[in-house]
Amino acid sequence: GQFGSAGPSVIWASSQAELTIAQESRRRLEASDLFKGLAIETEVRAIDQGDASGSGLWTAAADSEQDWYRRQPQAYEKLRAQSGRSGWFERTYRPITTTACADGVCGYVYFPCSDENGCTAIMQGKW
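Take the numbering used here: the final residue in the sequence shown is number 129, and no numbers are missing along the way.
Keep in mind that the hints are not guaranteed to be accurate.
[As the list claims (entries may be wrong)] Here are the simulated distance ranges between beta carbons: (1) Ala19 / Ser66: 30 to 38 Å; (2) Gln18 / Pro75: 36 to 44 Å; (3) Ser34 / Ser66: 34 to 42 Å; (4) Glu92 / Glu20: 30 to 38 Å; (5) Ser16 / Gln84: 26 to 34 Å; (6) Glu43 / Tyr78: 31 to 39 Å; (7) Pro75 / Asp117: 33 to 41 Å; (8) Lys80 / Gln18: 20 to 28 Å; (9) Asp50 / Pro75: 33 to 41 Å.
Hints are computed from structural coordinates only; laboratory data are not their basis. Only a predicted model underlies this, so the values are computations on that prediction, with no experimental measurement involved. Every residue, glycine too, gets a C-beta built ideally from N, C-alpha and C.
Work out the full structure: start from the sequences and follow the hints.
Below, the structure is given as structure tokens:
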């Protein structure tokens with residue numbers, strides 16, 4: 003899972019079209035190097051195919067496991083911080099507040115687009 007060994011992070015595709023789109027999206031994300039050389043661990047699987055071994059078919063999680071992050075917000079935030087995810091988002095997408103005026107609007111917040119956070123490549127379609 004995204005915070006430990008509960009299970010893999012998986013995109014489940016319900017059709018060949020979804021599978022193709024998800025695989026291409028994952029490929030583009032890896033090529034963008036947005037995560038600075040870290041591997042994209044999320045798998046892409048067809049709902050009816052499972053993983054390469056034939057196991058791991060999709061099954062709905064029990065109701066008690068649905069919306070865990072909403073039901074356990076403190077535990078979610080703790081795991082999010084421990085995983086490094088929170089820090090990465092804060093560093094990468096830190097908003098910049100300014101009192102300057104642009105196009106008649108004064109005092110605004112913008113999110114910088116840079117090579118460092120991968121935004122430039124994405125905006126240019128080079129992912």
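Glu43 paired with Tyr78, Cβ distance criterion 31 to 39 Å: With Cβ atoms ~19 Å apart, the hint is violated.
Cβ separation of Ser16 and Gln84, checked against the hinted range 26 to 34 Å: 32 Å, holds
Beta-carbon spacing of Lys80 to Gln18 - inside the hinted bounds 20 to 28 Å or not: 39 Å, violated
CB-CB spacing for Asp117 and Pro75 relative to the 33 to 41 Å hint: 34 Å, holds
Using the C-beta atoms of Gln18 and Pro75, is the stated range 36 to 44 Å upheld? Distance hint for Gln18, Pro75 holds at roughly 37 Å.
Lying within 34 to 42 Å: is that true of the beta-carbon distance Ser34 to Ser66? Given range 34 to 42 Å: holds, Cβ gap about 36 Å.
Go ahead and decide if the range 33 to 41 Å is satisfied by the Cβ distance of Asp50 to Pro75. Holds: the Cβ-Cβ distance is about 34 Å, inside 33 to 41 Å.
Mind checking the hinted window 30 to 38 Å against the Cβ distance between Glu92 and Glu20? 32 Å, holds
Should the hint that Ala19 and Ser66 are 30 to 38 Å apart at their CB atoms be regarded as holding? 33 Å, holds
Against the hints set out earlier in the document, violations occur for numbers 6, 8.
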